[in-house]
Amino acid sequence: ISESEDGAAVVGTMELAGEGSLLAASDEGSSETGRSDAGVRKVLATPVARAMAKEMGININEVPGSGPSGRVKKEDILNFKSPSAETSGRTDA
Amino acid sequence: MIQNDLPAIFRDFNPIEDKMLQVIDNEGNVVNEKLMPVLDDETVIEAYKQMLYERIADEMAVSYQRQGRMYTYTPNIGQEAIHIAAGMNIREEDWLVPAFREMGTLLAKGVTMKEMFLFYLGNEHGGSFKNVRHVLPIAISIGTQFHHATGIGYSVKYQKKDEVVYTFIGDGGTSEGDFSEGLNFAGVWQVPVVFTIQNNQYAISVPVKLQTNSINLAVKSVAFGIPGIKVDGNDFFAMYLAYKTASEYARAGKGAVLIEAFTYRRGAHTTSDDPSKYRGKDEETRWGLTDPLIRLQRYMQSKGIWNIDEEKLIEEYKSEIDAQFVEAENNKSYPWEDIFGHMYTDMPDELKRQKMEYEQFLSWKENRR
Amino acid sequence: MIQNDLPAIFRDFNPIEDKMLQVIDNEGNVVNEKLMPVLDDETVIEAYKQMLYERIADEMAVSYQRQGRMYTYTPNIGQEAIHIAAGMNIREEDWLVPAFREMGTLLAKGVTMKEMFLFYLGNEHGGSFKNVRHVLPIAISIGTQFHHATGIGYSVKYQKKDEVVYTFIGDGGTSEGDFSEGLNFAGVWQVPVVFTIQNNQYAISVPVKLQTNSINLAVKSVAFGIPGIKVDGNDFFAMYLAYKTASEYARAGKGAVLIEAFTYRRGAHTTSDDPSKYRGKDEETRWGLTDPLIRLQRYMQSKGIWNIDEEKLIEEYKSEIDAQFVEAENNKSYPWEDIFGHMYTDMPDELKRQKMEYEQFLSWKENRR
Amino acid sequence: MSVMTMVKAINNALDIKLNEDKSIVIYGEDVGVEGGVFRVTEGLQQKYGVDRVFDSPLAESGIVGTALGMAVSGLRPVVELQFEGFTFPAFNQILSNVSRMQNRSRGKYAVPLVIRFPYGGGVNALEHHSDSPEALFAHIPGLKVVIPSTPHDAKGLMISAIESNDPVIFMEPKRVYRAIKQEVSEEKFVLPLGKARVVQEGTDITVVAFGAMIRECQKAITMAREAGISVELIDLRSIYPIDRETVGNSVRKTGRMIVVAEAHESFSVGSELIAIANEEAFLYLEAPPRRVMGFDTIVPLAQGEKYYIISPDRIFYEIEKSVKF
Amino acid sequence: MSVMTMVKAINNALDIKLNEDKSIVIYGEDVGVEGGVFRVTEGLQQKYGVDRVFDSPLAESGIVGTALGMAVSGLRPVVELQFEGFTFPAFNQILSNVSRMQNRSRGKYAVPLVIRFPYGGGVNALEHHSDSPEALFAHIPGLKVVIPSTPHDAKGLMISAIESNDPVIFMEPKRVYRAIKQEVSEEKFVLPLGKARVVQEGTDITVVAFGAMIRECQKAITMAREAGISVELIDLRSIYPIDRETVGNSVRKTGRMIVVAEAHESFSVGSELIAIANEEAFLYLEAPPRRVMGFDTIVPLAQGEKYYIISPDRIFYEIEKSVKF
Ligand SMILES: Cc1ncc(C[n+]2csc(CCOP(=O)(O)OP(=O)(O)O)c2C)c(N)n1
Ligand SMILES: Cc1ncc(C[n+]2csc(CCOP(=O)(O)OP(=O)(O)O)c2C)c(N)n1
Ligand SMILES: [Mg+2]
Ligand SMILES: [Mg+2]
Ligand SMILES: [Mg+2]
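Chains as they are written, first to last, in my numbering: chain H, 1 to 93; chain U, 1001 to 1369; chain V, 2001 to 2369; chain E, 3001 to 3325; chain P, 4001 to 4325.
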């Protein structure tokens, strides 16, 4: 059923390090590596706004947000008239 | 307070004086004739056979595990006299609330080796003991079973049933709070429970002297106002007498009893344990001389009732046990739904949802192939 | 196992025989001359004064509570001999690990009534006992303190310090698993801990006989291999002798001791309890005759050392205690930041965030006005 | 009908069940002669005798562990633990055995056991007497966790809990015990376990709460109404199984949710409800669902508790923040 | 540097600290002569003597309760509980005292105590030997809860835990104990408590995990890469305090999150992380954050465990579902 091992695990079977189970060493700890989190530049929108935009075929990136920090809210989608959305003319609407 | 009409053995073998009840010695000689329980020869032979069966089953289980055919197993070797003496006293309607090292008593209650094997093969159906009456599953969280036994004792008493509850614990287990609490409740409630400490000298690697500073383990009964007695656990007759006396006491409505069965775990703690790390060969050899099977065999031989073709019997047992193992091993059915099916008596919506989502995953997996 | 060179009182008052150590009787007569501790008159008078102080403080606390000036309070009335006898033996470097009903011993360690009042006024700073050495906060979760005391005992022993640990529990508390576990660890580790059971006959409404079936509570020591003794808890001299003997035993490195102080909770369990629900007036009257203050007073009178103007003393105590209460009552400062400030030695970001968000709410609230 | 406090309503439920089913026994610390420190079992020992209603030794692990033994052997125990803070000596019995016996025995041993205890803050108590540990129990599979908020609910839920063949953790908001009264039928009635109650319908935001917080929420809702905000209030009633359907429906309607509870917010019922709102109503969310809960601190003693405990204005503040988001 | 399993790495951390600080003592069941049932304390009693490394009686409440006593009186105990399933007899001591002594004593008694134990499934064990109770500890204010996933992390985090003046619950994924090896410095080094590690950067979805699940996630990530999905993997390392900054940054970037953990999903670390994702990254969410976790069932014995345990393909399935949402 399994390999045994050199411990005295009271119960169960323990997986033993085999081929390919050698992890790369880490140099963390000796010098702490600070992380930068640049590159977060996405449109801010509530999930419901995202959902409605998708539903209505609106590119949410084109919608001006009226909420704090320019977030796109449900109302913004409802009030948005996008040329692309009009021409695409959804048939299932 | 304990009532005054205690059976004589509790007075004669008062644990406060660190006495131990013994009937036969290591050579099988009767050392306490007047305590010899009245048993006909067939019964004695039957007892030996049951002890032998447990021993063989144990050895085979260990070897299945070594062959990689079974997961970790907990052998009983050396403690059979306790299990079978209890087993011969416990009646169908009596309750067994096991710890995890009293296979012989489980077998006496009707549990099969197939079920035991199934359990150690990782299938809950083996450990449910569903097919026998009044047996609880084994208790892995040490000590907790003492309360269950006491509670069942209360039920029995409340419902005025003629039932006795048997429960077990190890020497290590006596350190757990639930051990003391359980005995204390049993003392106050005067319930029909026979508590056994199997003092096999070790809790995994830890010897009794690191477990407690008390003169013995039976004496702990004093703290809870119930009678206690220390018994040679490798002496079948002493154990039989202790169980007979204790169960009569309990059935008479006098309350609970604590038995310390002084024994030795001859095998490893489990199949993944190596005792040579923490104890010497000479110690093992010394205790080997007290082996309960050898002692009973010698007794029967000296009494001239030893009529067993042991070799043949062992072969019989072996093939019967192996057949059970193979059956268990071949039981490959473990439907995935089973893991959801026993959590509640009626499955709550949350579980139904989780089950359904898992089913969706399974069919996605199926479709990917 | 317990060592053989036990002090005589442990042999002479063996709890197995249900004996109880007593030095003076209810009339203050010495009934056991050779056990009378050698104390000069001033010390005896001082002991009485401390007991009186505790009594007065208690009564005042109850009345503040009745006046609605303080929350639920736990009176000590009737148990002062125990607390002051312990207090007179405990040294600055000794540890006190309290339960919740040993105010006199806390006072002896240097805790002030102002702190006690602050605590019962709902301020943690009163209950931290920050200003005295080697006193733990009171233990509300019953029984848990036994382990803390044993652990401190291990520390003391490991660090080879000349310190003794004192800890307390009630009769009800003896049913908790931690009571037994704690004594068991203390037995194995042989730590310098003096365990006291204040057997005041009740756990709230539950009488001792529903708590355990043992012949007394001191006898529970047998289960853990430590010496035990049952002592008249309303007899200051008996308690003093017990503590002196026990602490010397512990300091000599011989291990722990269990003392059952047999007493009576003369007051209610707490100010919200009404004992008339569960016990009779005659019982209360009967026990009233054993009151530790009256007994010590009688002893002093018969010995001719009673030189106290009690009325005056009581007035003195009252105004001193009242001043402390008023101080505590006027302490209105409880900065909201305080509830975050003591959870960790360095506050984690999660708590900083919660604190900041709460601050935002507070300023919103402020602005709304 | 008769006017009852929650204490009386639970007492009445216990009385009805004791009377109707001889297999029911009640025990715990001080529940006998004393009738419980909150008087929930008052009069029951006198009426049903010491074999059926009795004081146990002071040991919670023992109380629960023995009750499990009784439950697997024909009785239906209802045990009292004196305060939520003293449930933890019994935690091992609850987690390792009570919740698991049914599964371990593959259905051979059901565990018809009710563990009831007062919980929660707001009563100027000592440490361990003001906590709300529901999340700890709710995380343990095999248990049902129930919390009533009114006398009526307490009665109906208690009767259901006793009749359930599964173990039920029944948490009673001590702050509500005598604080409100209600006309409650003296007849037997049951309320289903696992079903929340919509206390009040609304359209702008969903507030989910339970126990003593329901009343605080109602006060906050009055403030919200004055500010023109329509609130839907859900009383969870069951913590496990949790009624994700009712919560999901409501949040899909309102697009907003706050959870109001006394417990420490981290790893709490609040966390769970936010997960559920995401799973059930993600595409309807107009503001982040939020927890209005206790801090990750020990509940302070009386003088500090006012900062810890959730006040109606703090609930209103969060409602407004969510709606204005 | 030397190649170490996690067992060896923790042993090495304990050795370094025992050697450097006489106030450290180690005890528990079988940790002395035996060196622990998993051999984590192997050789330490021989090296440091029975006063510093020793076997205790078999009583978890006692182990933890006495350790608290030691911790407030000058020692720094590191105690072992044998398996996660046997931490519960000690739950009352942990919740009622260990986590609270610092606050109760207003800082007079800090509790420099490490409680370490193996946890988690995947080793074909008996009941109580496969559980993941981290949420239960994380909900208790006053504790720190740490879980390493690699030998290197185990060593650095263990040294930090021992040096912390606050009590630390140190959970060791037993499945990983000997399953992987890593070059680990033999010198002393520390890793900060409360900080997660970004194991791998990615842009499409954030996967948060810890302990033994990190390896399973890495396997799933390989599958995802083949499907053209870029995954960011976060190893939480600390369950409490939880690193909401790292999680928030990541989810703001990816807009998606799943949590992978072995524990029962209800009222879990998964629930908490979803709450955090909502609080920190609500306006960036493109799919509902989801839990890929254990069911609300007892972890099955070996034959059934394969259904319970989270497999890489189940993780991949959920990654794909989220990305396609
Ligand atoms: C509460 C609890 N703690 C720890 C364990 C792990 N464990 C399993 S068996 C064992 C030793 C038991 O010793 P003893 O009680 O003497 O019984 P024996 O194994 O000798 O029969 C330990 C520590 C457990 N099962 N339960
Ligand atoms: C673990 C725990 N359970 C229950 C309680 C509630 N409680 C407070 S005092 C008390 C009775 C204690 O009785 P006893 O030990 O005899 O001490 P006494 O009050 O008589 O001094 C109870 C049950 C508690 N504080 N802790
Ligand atoms: Mg043993
Ligand atoms: Mg008492
Ligand atoms: Mg939780």
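Just so you know, not all the hints are guaranteed correct.
With a straight-line cut-off of 20 Å between C-alpha atoms, the simulated PhoX-like cross-links for lysine-lysine are [said to hold, decoys possible]: (1) V:Lys2130 / P:Lys4195; (2) P:Lys4022 / H:Lys54; (3) U:Lys1332 / P:Lys4306; (4) V:Lys2365 / E:Lys3306; (5) E:Lys3306 / V:Lys2352; (6) E:Lys3253 / H:Lys74; (7) E:Lys3195 / U:Lys1352; (8) P:Lys4219 / V:Lys2352; (9) U:Lys1157 / E:Lys3324; (10) V:Lys2332 / E:Lys3306; (11) V:Lys2161 / P:Lys4195; (12) E:Lys3195 / V:Lys2355; (13) U:Lys1209 / V:Lys2312; (14) V:Lys2365 / E:Lys3188; (15) U:Lys1277 / P:Lys4047; (16) E:Lys3047 / V:Lys2277; (17) E:Lys3324 / H:Lys74; (18) U:Lys1254 / V:Lys2209; (19) H:Lys54 / P:Lys4324; (20) E:Lys3195 / E:Lys3108; (21) V:Lys2365 / E:Lys3047; (22) P:Lys4022 / H:Lys42; (23) V:Lys2019 / V:Lys2254; (24) V:Lys2049 / V:Lys2318; (25) P:Lys4108 / U:Lys1355; (26) E:Lys3306 / U:Lys1160; (27) P:Lys4195 / U:Lys1355; (28) U:Lys1130 / E:Lys3306; (29) E:Lys3108 / V:Lys2355; (30) P:Lys4306 / V:Lys2157; (31) P:Lys4321 / U:Lys1365; (32) P:Lys4324 / U:Lys1365; (33) P:Lys4108 / U:Lys1365; (34) V:Lys2114 / P:Lys4108.
If you're looking for bench data, these hints aren't it; they were derived computationally from the structure.
Right, here's what the structure says about each hint:
1. Annotation: proposed proximity of V:Lys2130 to P:Lys4195 is violated, straight-line Cα distance about 33 Å (limit 20 Å).
2. Distance check on the hinted pair: P:Lys4022 and H:Lys54 sit about 64 Å apart at the alpha-carbon level, beyond 20 Å; violated.
3. This hinted pair checks out: U:Lys1332 and P:Lys4306 have alpha carbons roughly 14 Å apart, not beyond 20 Å.
4. Between V:Lys2365 and E:Lys3306 the alpha-carbon distance is near 14 Å, which keeps this suggested pair within the 20 Å criterion.
5. About 19 Å separates the Cα atoms of E:Lys3306 and V:Lys2352, which keeps this hinted pair within 20 Å; it holds.
6. The suggested pairing of E:Lys3253 with H:Lys74 holds, with an alpha-carbon distance near 14 Å, which does not exceed 20 Å.
7. This hinted pair checks out: E:Lys3195 and U:Lys1352 have alpha carbons roughly 15 Å apart, not beyond 20 Å.
8. Among the hinted pairs, P:Lys4219 with V:Lys2352 is inconsistent with the structure: their alpha-carbon atoms are about 37 Å apart, more than 20 Å.
9. Proximity of U:Lys1157 to E:Lys3324 is assessed by CA-CA distance (about 64 Å); at most 20 Å being required, the pair is judged violated.
10. About 14 Å separates the Cα atoms of V:Lys2332 and E:Lys3306, which keeps this hinted pair within 20 Å; it holds.
11. Restraint check: the Cα-Cα separation between V:Lys2161 and P:Lys4195 comes to about 39 Å, which exceeds 20 Å; the hinted pair is violated.
12. Only pairs whose Cα atoms come within 20 Å are accepted, and E:Lys3195 paired with V:Lys2355 is rejected, the gap being roughly 34 Å.
13. As the CA atoms of U:Lys1209 and V:Lys2312 are separated by approximately 58 Å, the hinted pair breaks the 20 Å bound.
14. Distance hint between V:Lys2365 and E:Lys3188 is unfulfilled; the C-alpha atoms sit about 46 Å from each other, more than 20 Å.
15. The hinted pair formed by U:Lys1277 and P:Lys4047 meets the criterion: a straight-line CA distance of about 16 Å does not exceed 20 Å.
16. Note on E:Lys3047 and V:Lys2277: the hinted pairing holds, with a Cα-Cα distance of about 16 Å set against a maximum of 20 Å.
17. For the hint linking E:Lys3324 to H:Lys74, the alpha-carbon distance of about 13 Å falls within 20 Å, and the restraint holds.
18. Proposed proximity of U:Lys1254 and V:Lys2209 is supported: the alpha carbons are some 17 Å apart, at most 20 Å.
19. Distance hint between H:Lys54 and P:Lys4324 is fulfilled; the C-alpha atoms sit about 13 Å from each other, no more than 20 Å.
20. Only pairs whose Cα atoms come within 20 Å are accepted, and E:Lys3195 paired with E:Lys3108 is rejected, the gap being roughly 27 Å.
21. For the hint linking V:Lys2365 to E:Lys3047, the alpha-carbon distance of about 52 Å lies beyond 20 Å, and the restraint is violated.
22. For the suggested pair P:Lys4022 and H:Lys42, the alpha carbons sit about 54 Å apart, so the restraint of at most 20 Å is broken.
23. The hinted pair formed by V:Lys2019 and V:Lys2254 fails the criterion: a straight-line CA distance of about 23 Å is larger than 20 Å.
24. A threshold of 20 Å between alpha carbons decides the hint, and for V:Lys2049 with V:Lys2318 the separation of about 13 Å falls inside it, so the pair holds.
25. Note on P:Lys4108 and U:Lys1355: the hinted pairing is violated, with a Cα-Cα distance of about 50 Å set against a maximum of 20 Å.
26. Straight-line distance between C-alpha atoms of E:Lys3306 and U:Lys1160 comes to about 53 Å, which puts the hinted pair past the 20 Å bound.
27. Between P:Lys4195 and U:Lys1355, the direct Cα distance comes to roughly 34 Å. Violation of the 20 Å bound is thereby established for this hinted pair.
28. Only pairs whose Cα atoms come within 20 Å are accepted, and U:Lys1130 paired with E:Lys3306 is rejected, the gap being roughly 53 Å.
29. Of the pairs offered as hints, the one joining E:Lys3108 and V:Lys2355 is violated, with about 50 Å between alpha carbons and a cut-off of 20 Å exceeded.
30. Proposed proximity of P:Lys4306 and V:Lys2157 is contradicted: the alpha carbons are some 50 Å apart, above 20 Å.
31. The hinted pair formed by P:Lys4321 and U:Lys1365 meets the criterion: a straight-line CA distance of about 13 Å does not exceed 20 Å.
32. For the proposed pair P:Lys4324 and U:Lys1365, the alpha carbon gap of about 17 Å is at most 20 Å, so the pair holds.
33. Under the criterion of a C-alpha separation no larger than 20 Å, the hint pairing P:Lys4108 with U:Lys1365 is inconsistent with the structure, at around 57 Å.
34. The straight-line distance between the Cα atoms of V:Lys2114 and P:Lys4108 is roughly 18 Å, inside the 20 Å bound, and the hint therefore holds.
In terms of the numbered hints stated before, the structure departs from hints 1, 2, 8, 9, 11, 12, 13, 14, 20, 21, 22, 23, 25, 26, 27, 28, 29, 30, 33, listed from lowest to highest.
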